[in-house]
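There are 2 protein chains.
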Amino acid sequence: MSRAKELTKQLLRQFVDSFDTILFDCDGVLWQSNDVISKTPALIAKLRDMGKQPLFVTNNSTKSRRQYMEKFAKLGFKVSENEIFCTAYLAAIYLRNILNFQGKAYLIGSPGMQEEFKLFDINYTGTGPDPVAGEVEDWVKIPLDPEIKAVVIGQDVQFSYKKILLAATYIRDRTVSFVATDHEGRHPHGAAKIVEPGTGSIVSAVETAAGRDALVLGKPHKFMVDLIKEKFTLEPRRTVMVGDRLNTDIQLGKNADLHTLLVLTGVSKLSDVDSNLESSDPTDRECIPDYYIESLTKLTEYLSDF
Amino acid sequence: MSRAKELTKQLLRQFVDSFDTILFDCDGVLWQSNDVISKTPALIAKLRDMGKQPLFVTNNSTKSRRQYMEKFAKLGFKVSENEIFCTAYLAAIYLRNILNFQGKAYLIGSPGMQEEFKLFDINYTGTGPDPVAGEVEDWVKIPLDPEIKAVVIGQDVQFSYKKILLAATYIRDRTVSFVATDHEGRHPHGAAKIVEPGTGSIVSAVETAAGRDALVLGKPHKFMVDLIKEKFTLEPRRTVMVGDRLNTDIQLGKNADLHTLLVLTGVSKLSDVDSNLESSDPTDRECIPDYYIESLTKLTEYLSDF
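These protein sequences, in sequence, are chains E and B.
Heads up, the final residue of the first sequence is numbered 332 in our numbering, and it's a clean run with no missing numbers.
Heads up, the final residue of the second sequence is numbered 332 in our numbering, and it's a clean run with no missing numbers.
By construction, these hints were calculated from the structure, which means they are not laboratory data.
One thing to keep in mind: the hints can contain errors.
Note that identical chains are pooled: a pair holds if it fits in a single copy or bridges any two copies.
[Said to hold, decoys possible] Straight line, CA to CA, 25 Å or less: simulated SDA-like cross-link-like pairs of lysine to any residue: (1) K188 <-> T323; (2) K219 <-> K257; (3) K72 <-> S297; (4) K78 <-> K97; (5) K188 <-> E141; (6) K167 <-> K219; (7) K100 <-> L73; (8) K65 <-> D310; (9) K100 <-> V299; (10) K295 <-> G237; (11) K100 <-> Q58; (12) K130 <-> F41; (13) K78 <-> V299; (14) K35 <-> E304; (15) K65 <-> F146; (16) K65 <-> L241; (17) K167 <-> Q184; (18) K219 <-> N149; (19) K295 <-> P172; (20) K219 <-> V158.
Small disclaimer: the values here were computed from a predicted structure and weren't measured.
Here chain E stands alone, though its shape is the one from the complex (with noise of 0.2 Å):
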């Protein structure tokens, strides 16, 4: 395995015919936190004229499609709401179509999630600010909600005590689901000195307590790609991953066979990608894109010729 191409120019019209569809992560990619990457709502127009089909995915579960939607449309994108495929949306389409729901699931998650739980009718207890009060000896006879049957975990900042708790107790019965949206310990803030807890270290933390191990349905698990395929024609070979992450977006493209294009503008760094090259973890050194690039407005300004 060699390292990564520089997606240069002159490599320019190849990486251009090898791929009908392009999937794209959405934070660190288009967009930082809240600022647009310079020319990526140019470049999805673009390769919509040139006969190609941007998807966008992503790990983040705090909003759902509609809100991403207006995201997208707030930063000067041309996106539909089927294109979007996020997390809040992975969980509620998981217990419909793959766990044939019934009953109610316990929530440890955002309102994007509640909302999109809500337009696949799926009950759901246990969001919004739970602290703990009195003793220990009074959560000994905290209630339980006997019509729980699935534990659900996405990015909530209301995380408490209490909620590991319920959750933990929840799971301790096997037939009760225990599903994640994605496992991502932290995310970059920029410049700002902050670590902004990942939903990986809410699971983590319900992991931990209960002795068993959530499913995680984001990437790098190839359920994101199997639910494109039920509203998409993809030919893996014909589609390409882009991401700034190695061990979600890449891990991803490799996990459903997909060709990878590593952006340097959020997590990962070519020293990531040398690390992984050198790594003892095979799934590590098997996680290498096969192109990467400073940042899309680059490829933007390339394609501008095209």
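We have chain E already, so just place chain B on it with the hints.
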């Protein structure tokens, strides 16, 4: 390595003659939550009469030594404060004596830990409720305390998302120490159905967000035994560790070269000993107690003839 021997009445003389010091874990060994395990106060008294030194080593970080004294007294034990080694005390003395700590600690912990920190004159912040307020754009501007030079994690029922964020942010600076009292994922609750999350679940959340591992001071780390050696004469080969958990109590015994006795009134079962014997992990295979006994009630009865 063979299976643990049952500590029968026939083996009692050999057992008693083998030690001068006997370390007891507390919950699941001497009591279960707030119920004393029958005849254990008499056992401690009897051991003293026989010239043995009992000491008490617990990973529970919710109580100070003073608070433990009260609990021992309430349950009918005669124990002095300097015989108690709990992890609230361990964390404070580690900062004071090992780190020669200056500055302030960001403390995720209990009122018991606060009491020990005050006794050792360690400045701290972070305890009590701390839920999120506002949007992520606000947290980016969260004021950080430049005096923080350590993040210390113990059991905290007021654990929250914002505490993960602050802890992970402080330990981004590798010169900031990162210590935890213990790594127990959960605590049993007798017949009750709830899972009580342990410090380990809190630590996992922060470790995952930070991408950095805590130094865990409690059992099975032998720091507990090092601390005892500063205060008492302790000859490892003349010492028995009595506990209900293989991966903390019995592992501490192995790590510190002590004799070990497993009681079956708490977390680990005889089937867990069998699992360890068959484990592919060499640490598990090593972690087999010398003896086991159903409960300390039985040991008290055996000893009544001595």
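These are the hints, each one checked on the structure:
1. K188 <-> T323: Close neither inside one copy (45 Å) nor across copies (35 Å); limit 25 Å.
2. K219 <-> K257: Classified as neither: same-chain Cα gap 40 Å, cross-chain 43 Å, threshold 25 Å.
3. K72 <-> S297: neither (31 Å within a copy, 64 Å between copies)
4. K78 <-> K97: within (22 Å within a copy, 71 Å between copies)
5. K188 <-> E141: Both ways: K188 and E141 sit 23 Å apart in one copy and 24 Å across, limit 25 Å.
6. K167 <-> K219: between (41 Å within a copy, 9 Å between copies)
7. K100 <-> L73: Cα proximity of K100 and L73: one copy only (20 Å, versus 75 Å across).
8. K65 <-> D310: neither (32 Å within a copy, 56 Å between copies)
9. K100 <-> V299: neither (33 Å within a copy, 60 Å between copies)
10. K295 <-> G237: For K295 and G237, only the inter-copy Cα distance (16 Å) is at most 25 Å; the intra-copy one is 33 Å.
11. K100 <-> Q58: Within one copy, since 14 Å is at most 25 Å while 58 Å is not.
12. K130 <-> F41: neither (46 Å within a copy, 54 Å between copies)
13. K78 <-> V299: neither (28 Å within a copy, 60 Å between copies)
14. K35 <-> E304: Neither. Shortest intra-copy (29 Å) and inter-copy (58 Å) distances fail the 25 Å Cα cut-off.
15. K65 <-> F146: Answer is neither: 35 Å inside a copy and 58 Å across each miss the 25 Å cutoff.
16. K65 <-> L241: Neither way: K65 and L241 sit 36 Å apart in one copy and 46 Å across, limit 25 Å.
17. K167 <-> Q184: Both: 23 Å inside a copy, 18 Å across copies.
18. K219 <-> N149: between (38 Å within a copy, 23 Å between copies)
19. K295 <-> P172: neither (47 Å within a copy, 29 Å between copies)
20. K219 <-> V158: This pair counts as between: shortest inter-copy Cα distance 17 Å, intra-copy 30 Å.
In summary, the numbered hints that this structure violates are 1, 2, 3, 8, 9, 12, 13, 14, 15, 16, 19.
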